[in-house]
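My request is simple: use the sequences and hints to build the entire structure.
Line order of the protein sequences matches chains A and B.
The opening position of the first sequence corresponds to residue 52 in this note's numbering, with each subsequent residue numbered one higher.
The opening position of the second sequence corresponds to residue 96 in this note's numbering, with each subsequent residue numbered one higher.
FYI, nobody ran anything at the bench for these hints, they're computed from the structure.
There could be a bad hint or two in this list.
Unchecked claim - Here are a few chain B residues that sit away from chain A, every Cβ distance over 12 Å (derived from the structure):
(1) Ala126
(2) Glu131
(3) Met153
(4) Arg159
(5) Gly170
(6) Pro376
As the list claims (entries may be wrong) - Each pair of labels, with its calculated beta carbon distance range:
(7) A:Ala345 / B:Glu249: 22 to 28 Å
(8) A:Thr74 / B:Asp211: 30 to 36 Å
(9) B:Asp211 / A:Asp114: 44 to 50 Å
(10) B:Ala339 / A:Thr74: 46 to 52 Å
Stated by the list, open to error - Reference listing, derived: stretches of chain A covered by chain B, where coverage requires no fewer than 3 residues with Cβ under 8 Å from a Cβ of chain B:
(11) 228-238
(12) 244-257
(13) 269-278
(14) 299-305
C-beta: ideal position from N, C-alpha, C; glycine also.
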Amino acid sequence: MTPLIEAVAVSKRFAGGLGRESTLALEGLSLAISAERPAIIAVVGESGSGKTTLARLLLGLADPTGGEVRYRGEDLRRLGRNKWRAFRRDVQAVFQDPYGVYNPFYRVDHVLATPVRRFGLAASRAAGRELIAEVLRAVGLRPEEILGRYPHQLSGGQRQRVMVARALLPKPKLIVADEPVSMVDASLRATILAALRQLTDEHGISILYITHDLATAYQVSDAILVLYRARLVEAGAVERVVRAPQHPYTQLLVAAVPRAHQARDWIEEGYEAPHNGGGMISDGCPFADRCAHATSLCAVAPPLYRTEVRRVVACVLYREYPTLAARELGRWLSI
Amino acid sequence: MSEPVLRVERLRVAFDHPLGKVQAVDDVSFALLPGERLGLAGESGSGKSTLALSIMRMIKPPGRIEAGAVWLDGGRLADLDEEGLRAVRLASIALVPQGSMNSLNPVLRIGQQIADALVDHGLRLGRRAEERRVAALLTEVGLAANVARMYPHELSGGMKQRACIAIAIALRPKVIIADEPTSALDVVVQRQVMATLARVQQELGAAVILIGHDMGLMAQFVDRLGIMYAGRLVEVAPIADIIAHPRHPYTRALIASLPSLDVRGALAGIPGLAPSLRDLPSGCAFHPRCGFAVDRCRGERPVLRDLAGGEVACHLA
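Structure follows, in structure tokens:
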């Protein structure tokens, strides 16, 4: 079946002006979101790993410099007017900052009523109000406590849930959520993430959950992609990747999460060597300069090795396994 | 048992507001032993950062310290005038404020900013000696000595946070208060910065107050944890005890609400919202969100009382 959204070996390079080197933000990434089987896919990486660039490419907010993003099989750049409109309804976004998106002079209703009007989602005012109440309830909010208020009268968690509710209005198939809970108080994160999980399980909406927080990704998602300096290093079912990470970077990442219910060896084991994060990305493995296993083989970018049924690792440590062409990754993972 | 290096006694901090007084810190007492690592955790608005600022006597109007005392190294901070306070800050007690890595001056080199801290607090060194001191401080926090000649924009987040720690330890304080020092950093960098803070703290023999809300980080770093709710301390206990057997229902909810890598699919938010400090619920401030609340919780405010191994403010404990 044709996926709803598919990234086929997409790359994004930002040109450097005035003799500056260009910056590689994303290199050869593939990803597919099924139109039939809703799931939460997490994209995890540190700042500068390319995860927000991926979100912008999938939302059509930026054009890839290599590869293509397809909506129901068609390149986003070649969508006709009607298809583009359908894409705009099917794919919604929730961004990081639940403060910046509101106009403080308008009531919260405004941010919800606008898409109803623009997309012509309701036949009458009353139907529009009912639709808005419905999406608010879907994210666990009571409409009577939200509507008629100004943004500053809501908590950060409420504001972010209103943004999720807004994304639900056009009945999308996919929500791209870029760090949706990183600015929300820790105790509220669980509530918002549970609301996202419910959207997938009960409303059949897929979610691309972009985050730097491995723990929340582990809690809500089905599959996970780990990015490091513009490249995919590991991908697979979240339970396997987090429980038994295979790429040395994923191993470092999992070990770096401080855990409440484990022996207190986190500080002692925390190796201190600060790395030079802004360094040039060579043609080889992006992690080679920090990796304890690095050899001369790492001077060439490693292919994706299929170490398990639904798992790939971009590391030569696993070179006895069969490889997978990068452009195949999306569909292969979603099977 | 050694004498506490820092003692906070019945501290009350309020903010005056046209709509009424906001009690941001309400009757908080605790003691910190030399070399001890104490954590303070709670939701946003629970008074953690205000507590830190008021310990430093850095609360600005409309905020004011209403009552209580802070004893640092045997001396009462309230007895000091502005000059005296300046001498104590950084030299005896240093604060790494929230978001401090973004407070570095963008047009001054890192070395200059560290040297300013030394000079500002009365240390007059020759240029050579000053350079050596700055280089030593940078090395101490895991940065190369040549970082002294760099500007903040040339550093990564982790490097900037290290530079802030270098400033905080410049005068060998006995107490370091770190307010969410790693909340803007990636986990791998967070671990490195916390390891640096732990090492520097041990070398100085300083005590640390770590403010934050990541229970995993608390569990791995602090010796003792205090939980704040609506401006009050509601539970204080050694870290292993509080993680294994939290006694206050709020502590339990806080621990359960934090997504972990240990158990999957156990996402449970804390129901309801943190109360408005201007209009606190009667009795126990947590009772409207508490699943165990009884009549007594609505009518009578629980006080922090000793219970084997810790303190807890809950009628049901």
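message = If you test the structure against every hint from before, which numbers come out violated?
response = none
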